[in-house]
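Work out the full structure, taking the sequences as your base and the hints as a guide.
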Amino acid sequence: MRIILAEDNDILRKSLSFFLESKGFSVDQFSDGEEALHAIETNNYDLILTDINMPGKSGMEITQYVRQHINSDTPIIILTSSGVEQTELDSFDIGANEFIAKPVSPAVLLVRINKLLNKRF
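Numbering (numbering that gives the first Met the number 0), first residue to last: 0 to 120.
The hints are simulated quantities; they were obtained by calculation from the structure and are not laboratory data. It should be emphasised that the depicted structure is a prediction, and the values quoted were computed from it without experimental measurement. There may be inaccurate statements among the hints.
Said to hold, decoys possible - With a cut-off of at most 25 Å between alpha-carbon atoms, the simulated SDA-like pairs for lysine to any residue come out as follows: (1) 56 x 96; (2) 56 x 11; (3) 101 x 33; (4) 56 x 1; (5) 101 x 41; (6) 114 x 71; (7) 22 x 9; (8) 56 x 68; (9) 56 x 84; (10) 56 x 41; (11) 56 x 94; (12) 56 x 21; (13) 56 x 81; (14) 56 x 85; (15) 13 x 101; (16) 22 x 85; (17) 56 x 117; (18) 101 x 68; (19) 13 x 92; (20) 22 x 115; (21) 56 x 22; (22) 114 x 20; (23) 22 x 63; (24) 13 x 115; (25) 22 x 68; (26) 56 x 43; (27) 101 x 17; (28) 22 x 97; (29) 13 x 85; (30) 56 x 23; (31) 101 x 9; (32) 101 x 116; (33) 101 x 63; (34) 22 x 11; (35) 114 x 67; (36) 114 x 55.
Written as structure tokens, this is what we have:
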């Protein structure tokens, strides 16, 4: 299973990537939303994991682009440090499958990833 992880916090990105790789996933990491979006356009991913606030393109912009322009149903999980309810609602409105508030529990993230990936098969 191949995951793209777009997160501008280096420590979080590297630790989540290490954790997911230890669970058997292949992870492509990006700290810039624009670079992540380019990778999404040119590669096939089983899941998109994106922070909401990043340089280049935000997680919301990535989600909207994937749903509207690429017309892909690839599962998307949005991560954010925002505790604003409207942000979560907006994420679902534009097509996110899951929304996880930071700090991220790797164990909970893994359960949600497996739940989304199992739905597709």
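Quick rundown of the hints versus the structure:
In summary, the hint linking residue 56 to residue 96 is supported, as the alpha carbons are separated by about 19 Å, within the 25 Å threshold. Taking the CA atoms of residue 56 and residue 11, the gap is near 18 Å; set against the 25 Å cutoff, the hint holds. A threshold of 25 Å between alpha carbons decides the hint, and for residue 101 with residue 33 the separation of about 22 Å falls inside it, so the pair holds. Only pairs whose Cα atoms come within 25 Å are accepted, and residue 56 paired with residue 1 is accepted, the gap being roughly 21 Å.
The straight-line distance between the Cα atoms of residue 101 and residue 41 is roughly 29 Å, outside the 25 Å bound, and the hint therefore fails. With a C-alpha separation of about 18 Å, the suggested pairing of residue 114 with residue 71 holds against the 25 Å cut-off. Proximity of residue 22 to residue 9 is assessed by CA-CA distance (about 20 Å); at most 25 Å being required, the pair is judged to hold. This hinted pair checks out: residue 56 and residue 68 have alpha carbons roughly 15 Å apart, not beyond 25 Å.
A distance of roughly 21 Å separates the Cα atoms of residue 56 and residue 84; the hinted pair therefore holds under the 25 Å criterion. Of the pairs offered as hints, the one joining residue 56 and residue 41 holds, with about 16 Å between alpha carbons and a cut-off of 25 Å not exceeded. Simply put, residue 56 and residue 94 have alpha-carbon atoms about 16 Å apart, close enough for the 25 Å limit, and the pair holds. The suggested pairing of residue 56 with residue 21 is violated, with an alpha-carbon distance near 28 Å, which exceeds 25 Å.
Among the hinted pairs, residue 56 with residue 81 is consistent with the structure: their alpha-carbon atoms are about 17 Å apart, no more than 25 Å. For the given pair, residue 56 sits about 20 Å from residue 85 by alpha-carbon distance, which is consistent with the 25 Å threshold. A distance of roughly 15 Å separates the Cα atoms of residue 13 and residue 101; the hinted pair therefore holds under the 25 Å criterion. Restraint check for residue 22 and residue 85: not satisfied, since their Cα atoms lie roughly 33 Å apart, outside the 25 Å limit.
This hinted pair does not check out: residue 56 and residue 117 have alpha carbons roughly 28 Å apart, beyond 25 Å. Restraint check for residue 101 and residue 68: not satisfied, since their Cα atoms lie roughly 28 Å apart, outside the 25 Å limit. A C-alpha spacing of about 29 Å is found between residue 13 and residue 92, which places the hinted pair above 25 Å, so the restraint is violated. With a C-alpha separation of about 16 Å, the suggested pair residue 22 and residue 115 falls inside the 25 Å cut-off, and the hint holds.
Straight-line distance between C-alpha atoms of residue 56 and residue 22 comes to about 28 Å, which puts the hinted pair past the 25 Å bound. About 17 Å separates the Cα atoms of residue 114 and residue 20, which keeps this hinted pair within 25 Å; it holds. Restraint check: the Cα-Cα separation between residue 22 and residue 63 comes to about 29 Å, which exceeds 25 Å; the hinted pair is violated. A threshold of 25 Å between alpha carbons decides the hint, and for residue 13 with residue 115 the separation of about 22 Å falls inside it, so the pair holds.
Restraint check: the Cα-Cα separation between residue 22 and residue 68 comes to about 31 Å, which exceeds 25 Å; the hinted pair is violated. Note on residue 56 and residue 43: the hinted pairing holds, with a Cα-Cα distance of about 19 Å set against a maximum of 25 Å. This hinted pair checks out: residue 101 and residue 17 have alpha carbons roughly 17 Å apart, not beyond 25 Å. Under the criterion of a C-alpha separation no larger than 25 Å, the hint pairing residue 22 with residue 97 is consistent with the structure, at around 20 Å.
The hinted pair formed by residue 13 and residue 85 fails the criterion: a straight-line CA distance of about 29 Å is larger than 25 Å. At roughly 28 Å between alpha-carbon atoms, residue 56 and residue 23 are farther apart than 25 Å, so this suggested pair is violated. A distance of roughly 14 Å separates the Cα atoms of residue 101 and residue 9; the hinted pair therefore holds under the 25 Å criterion. Between the alpha carbons of residue 101 and residue 116 the distance comes to roughly 22 Å, so the proposed pair stays at or under 25 Å and holds.
At most 25 Å may separate the alpha-carbon atoms for a hinted pair to count; residue 101 and residue 63 meet this at roughly 21 Å. In summary, the hint linking residue 22 to residue 11 is supported, as the alpha carbons are separated by about 17 Å, within the 25 Å threshold. With a C-alpha separation of about 24 Å, the suggested pairing of residue 114 with residue 67 holds against the 25 Å cut-off. A distance of roughly 30 Å separates the Cα atoms of residue 114 and residue 55; the hinted pair therefore is violated under the 25 Å criterion.
Checked against the numbered hints given earlier, the structure breaks hints 5, 12, 16, 17, 18, 19, 21, 23, 25, 29, 30, 36 and satisfies all the rest.
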